[in-house]
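Student: Sequence:
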Amino acid sequence: MKYTLAISPCPNDTFIFEHLIASNQYEVSFEDIETLNSLASAGQPDIVKISYAHYFSVAISTSYCVVEEHWDVEWVHC
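In this note's numbering, the protein residues as written are 117 to 194.
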């Protein structure tokens, strides 16, 4: 089973998720932050990078858990 991973194509995200991307265990999609926020609201990807401004909306309305990595916030289904 492949997990879905949605991140932005910015160099910080591709660096942080390099090992997941290279592992071939994830179906990876690269989207702009607005699309990532919308995907998280719909609960679609297993792992998704969102903007901090969208944090409380997703925290209240979905089954995602926060994973903090330095200055980034990622969401995974719990």
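None of these hints come from the bench; they were simulated from the model.
In this text, a Cβ means the ideal position worked out from N, Cα and C, and glycines have one as well.
Possibly wrong hints are sitting among the right ones.
Label-pair restraints from in silico Cβ distances [what the hints assert, rightly or not]: (1) A169 / N140: 31 to 41 angstroms; (2) E150 / I176: 15 to 25 angstroms; (3) N140 / I176: 16 to 26 angstroms; (4) G159 / L136: 16 to 26 angstroms.
Student: A separate judgement is required for each hint: does it hold in the structure or not?
Tutor: Hints, verified against the model:
The supplied range of 31 to 41 angstroms is met by A169 and N140, whose beta-carbon atoms lie about 33 angstroms from each other. In this structure, E150 and I176 meet the distance hint of 15 to 25 angstroms, their C-beta atoms being roughly 19 angstroms apart. For N140 and I176, the hinted distance range of 16 to 26 angstroms is not satisfied, since their beta carbons lie about 34 angstroms from each other. In this structure the hint that G159 and L136 lie 16 to 26 angstroms apart at CB holds, the actual value being about 19 angstroms.
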